[in-house]
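Take the sequences, apply the hints, and build the full model.
There are 2 protein chains.
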Amino acid sequence: MKQSQLFTRVKREAPKDEVSKNAQLLLRAGFIHKEMAGAYSFLPLGLRVLNNIMQVIREEMNAVGGQELSLASLQEKELWEKTDRWDDAKVDVWFKTALKNGTELGLAVTHEEPITRMMAQHVSSYRDLPVLAYQFQTKFRNETRAKSGIMRTREFIMKDLYSFTRNKEEHETVYATLREAYKKIFARLGLGAITYQTFASGGMFSKYSEEFQTVSNAGEDVIYIDEASGKALNVEVLNDEVLADLGLKRENLIERASIEVGNTFSLGTKFSEPLGLSYKNEKGESCPVIMGSYGIGPARLMGTIAEVLSDGSGLVWPESVAPFRVHLLSLGADEKAGETYTALTAAGIEVLYDDRDTTAGEKFAESDLLGMPWRVVVGKRSLESGKAEVKKRTEKEAGEVSFEELVSFFQK
Amino acid sequence: MKQSQLFTRVKREAPKDEVSKNAQLLLRAGFIHKEMAGAYSFLPLGLRVLNNIMQVIREEMNAVGGQELSLASLQEKELWEKTDRWDDAKVDVWFKTALKNGTELGLAVTHEEPITRMMAQHVSSYRDLPVLAYQFQTKFRNETRAKSGIMRTREFIMKDLYSFTRNKEEHETVYATLREAYKKIFARLGLGAITYQTFASGGMFSKYSEEFQTVSNAGEDVIYIDEASGKALNVEVLNDEVLADLGLKRENLIERASIEVGNTFSLGTKFSEPLGLSYKNEKGESCPVIMGSYGIGPARLMGTIAEVLSDGSGLVWPESVAPFRVHLLSLGADEKAGETYTALTAAGIEVLYDDRDTTAGEKFAESDLLGMPWRVVVGKRSLESGKAEVKKRTEKEAGEVSFEELVSFFQK
Numbered sequence: 002m003k004q005s006q007l008f009t010r011v012k013r014e015a016p017k018d019e020v021s022k023n024a025q026l027l028l029r030a031g032f033i034h035k036e037m038a039g040a041y042s043f044l045p046l047g048l049r050v051l052n053n054i055m056q057v058i059r060e061e062m063n064a065v066g067g068q069e070l071s072l073a074s075l076q077e078k079e080l081w082e083k084t085d086r087w088d089d090a091k092v093d094v095w096f097k098t099a100l101k102n103g104t105e106l107g108l109a110v111t112h113e114e115p116i117t118r119m120m121a122q123h124v125s126s127y128r129d130l131p132v133l134a135y136q137f138q139t140k141f142r143n144e145t146r147a148k149s150g151i152m153r154t155r156e157f158i159m160k161d162l163y164s165f166t167r168n169k170e171e172h173e174t175v176y177a178t179l180r181e182a183y184k185k186i187f188a189r190l191g192l193g194a195i196t197y198q199t200f201a202s203g204g205m206f207s208k209y210s211e212e213f214q215t216v217s218n219a220g221e222d223v224i225y226i227d228e229a230s231g232k233a234l235n236v237e238v239l240n241d242e243v244l245a246d247l248g249l250k251r252e253n254l255i256e257r258a259s260i261e262v263g264n265t266f267s268l269g270t271k272f273s274e275p276l277g278l279s280y281k282n283e284k285g286e287s288c289p290v291i292m293g294s295y296g297i298g299p300a301r302l303m304g305t306i307a308e309v310l311s312d313g314s315g316l317v318w319p320e321s322v323a324p325f326r327v328h329l330l331s332l333g334a335d336e337k338a339g340e341t342y343t344a345l346t347a348a349g350i351e352v353l354y355d356d357r358d359t360t361a362g363e364k365f366a367e368s369d370l371l372g373m374p375w376r377v378v379v380g381k382r383s384l385e386s387g388k389a390e391v392k393k394r395t396e397k398e399a400g401e402v403s404f405e406e407l408v409s410f411f412q413k
Numbered sequence: 002m003k004q005s006q007l008f009t010r011v012k013r014e015a016p017k018d019e020v021s022k023n024a025q026l027l028l029r030a031g032f033i034h035k036e037m038a039g040a041y042s043f044l045p046l047g048l049r050v051l052n053n054i055m056q057v058i059r060e061e062m063n064a065v066g067g068q069e070l071s072l073a074s075l076q077e078k079e080l081w082e083k084t085d086r087w088d089d090a091k092v093d094v095w096f097k098t099a100l101k102n103g104t105e106l107g108l109a110v111t112h113e114e115p116i117t118r119m120m121a122q123h124v125s126s127y128r129d130l131p132v133l134a135y136q137f138q139t140k141f142r143n144e145t146r147a148k149s150g151i152m153r154t155r156e157f158i159m160k161d162l163y164s165f166t167r168n169k170e171e172h173e174t175v176y177a178t179l180r181e182a183y184k185k186i187f188a189r190l191g192l193g194a195i196t197y198q199t200f201a202s203g204g205m206f207s208k209y210s211e212e213f214q215t216v217s218n219a220g221e222d223v224i225y226i227d228e229a230s231g232k233a234l235n236v237e238v239l240n241d242e243v244l245a246d247l248g249l250k251r252e253n254l255i256e257r258a259s260i261e262v263g264n265t266f267s268l269g270t271k272f273s274e275p276l277g278l279s280y281k282n283e284k285g286e287s288c289p290v291i292m293g294s295y296g297i298g299p300a301r302l303m304g305t306i307a308e309v310l311s312d313g314s315g316l317v318w319p320e321s322v323a324p325f326r327v328h329l330l331s332l333g334a335d336e337k338a339g340e341t342y343t344a345l346t347a348a349g350i351e352v353l354y355d356d357r358d359t360t361a362g363e364k365f366a367e368s369d370l371l372g373m374p375w376r377v378v379v380g381k382r383s384l385e386s387g388k389a390e391v392k393k394r395t396e397k398e399a400g401e402v403s404f405e406e407l408v409s410f411f412q413k
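Chains as they are written, first to last, in my numbering: chain E, 2 to 413; chain Y, 2 to 413.
Think of the hints as simulated: they come from the structure by calculation, not from any bench.
Any given hint might turn out to be false.
No copy labels: a pair is met if it fits in one copy or bridges any two.
[Claimed, not checked] Subject to a maximum C-alpha distance of 25 Å in a straight line, what follows is the list of computed BS3-like cross-link-like pairs (lysine-lysine):
1. Lys101 / Lys148
2. Lys140 / Lys101
3. Lys140 / Lys35
4. Lys35 / Lys271
5. Lys78 / Lys17
6. Lys101 / Lys35
7. Lys281 / Lys3
8. Lys83 / Lys35
9. Lys35 / Lys78
10. Lys17 / Lys83
11. Lys78 / Lys148
Keep in mind the model is a prediction, meaning the values are calculated, not measured.
If you want it as structure tokens, here you go:
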């Protein structure tokens, strides 16, 4: 894309009312727009990042047999009363609204209830199971405070997968599969090395639930990491019994602030029983379906990447999520740069081409702020040398690549 | 995809509380789920259709230079008071809610206000214009009645594009470009021949607005068509002055029920003035930006296709939007059908493979109901003849294609 066509403009200063680094950087760079506290819009560059993150997640969910769907946001009281989660005293983040005839409605804070009720119309036999179904859908949560930029908002897209299985053993197998899928996701997003499988309290149906926590000073959570095993504990389960259970020693644990980037829950029959989701087994007996839920917030991941991978000059996007792979700058060599843009894009390489009539200093500074993985500079010197200057966003030193070899350089 | 893996099940009967054909068919076929009156969820097959429709729209919006973004649903009172559209007496389809501290919020019924305010942070000079920005985002509308299945719901995804131009001439050019893009969209979706550019009342800033109306008995609207010119009128503008203006004669007009599948509005400075969206022209003078808006509802289009292209046996999807291009049925020839499935999918052809252990009658009836464009049957006879039976959903007679030629048949 030609940058002269991109409508967003970089801001010189971070907005004064934003305390979080992710929102400061993303707002300055024009990736997002603040609609109000806790509600952001995604502008073209930001939406490209968000879509890339969702596509990585989608691929890993499809790889384990997940079927994508999309559930409604509007929710009726009667459904949630069946699981005792309608009352604001029980679930304290509802946004409630009403039809014109006065019928109360809620905006989905999560989707266990509607997906369980829906699934009861489709699952009846042991032959219908297991089922893994997921969506990318907006959740609305009436958070008292919203202060972590796009990492904790009142309206956000969530990937939530729900598993429906015949018994505990099948559930455990699916649960383990999802855990591995999650690890692949965080690795592909460039967060693998600093994201820990973290044990948390489990509730009625399993000893533990699990979280994935990314180490960051911007995090609202605190975890205790055992570097040797790569395991971590949430503070809720930091006690002698759990340590013994997991084979960890208190003296080896390191305390770190962290961001919860994913979670997995064993739900047992908590939803299937009250909502009538059962199946007939081989003997014709009716059995409740065993469920699990598995969440990841794509925008929170985008915020986390902005927090932990950025540097003093701006954003730093991994190739897997960058809005464009290459940022091409023309420094007074528009014809050659234009040819380079055409050649790279024709080869399927995604390029943001800074074709604007502005200073070299401004182009370099903006390029660092926007944070594409590769910067390619075509200047007057290039016309003499026959080479473009090529620099990785994560490296200080630039190299040179001849124009003939540029396409194949990026096709590697 | 193997049908044995698909969790949705076809229902024998249409639900009794649905009066609209689109919802009856889509519910029976397992494409959608009814969450409540006016709110539907999209199950795997339905989501594939919806995504295909959105991709057609996206391609045409990108082709005219549209930049995709995604705006927040939560909206603050202060913003909409500036344009006098907060009051329920002015806009009567708001869903309102509130933060815990009592601050009133609304759920976006449309997005002129937020996009105009956002754009004011990015547009300042004549060099920044024109801009075309669009999104696919949920609208919430508190409709009194919801009775047309997925064609009029209280929660729906809309493609809304907004144009920002320097002056009336530039606006007219953009507006005409969008009109042509819309025509391409309806043609690609198989609705071109029965969808009419329809003149409607224009409001303050242009003589007419325009609608695109698809002829259908399921429609809530009535239009007057001049078949010779392909133009139509909304009842609002059916008067002698307008007829003279458009060169139409009353006696040539045919009255038809129709579904509004798109609309385009000239907004002038209605939003840019109160919300401070202006630019400096070449002389340094401040001028208000001239706006337009252009809507299409992907789910309404899906419902329209279900209404007008279906037949007595079920749904009929055009290739451009079908969840899968080919429905492959194995009738007691699982090994050969499995090989065929592998060969077709390896060639990039999207196949739903009915590998289930059920009767031929059931497979044929379900295949008609689900409505993929092509049906390929591999049965015991195929093993002798070396040929698969190939039938278009829209045709009665089946043909035969040899297994060697099947991939190339579908690659044509």
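Exercise for the section: Run the structure past the numbered hints and jot down the numbers of the failing ones, going up. Expected result: Structure breaks no hint.
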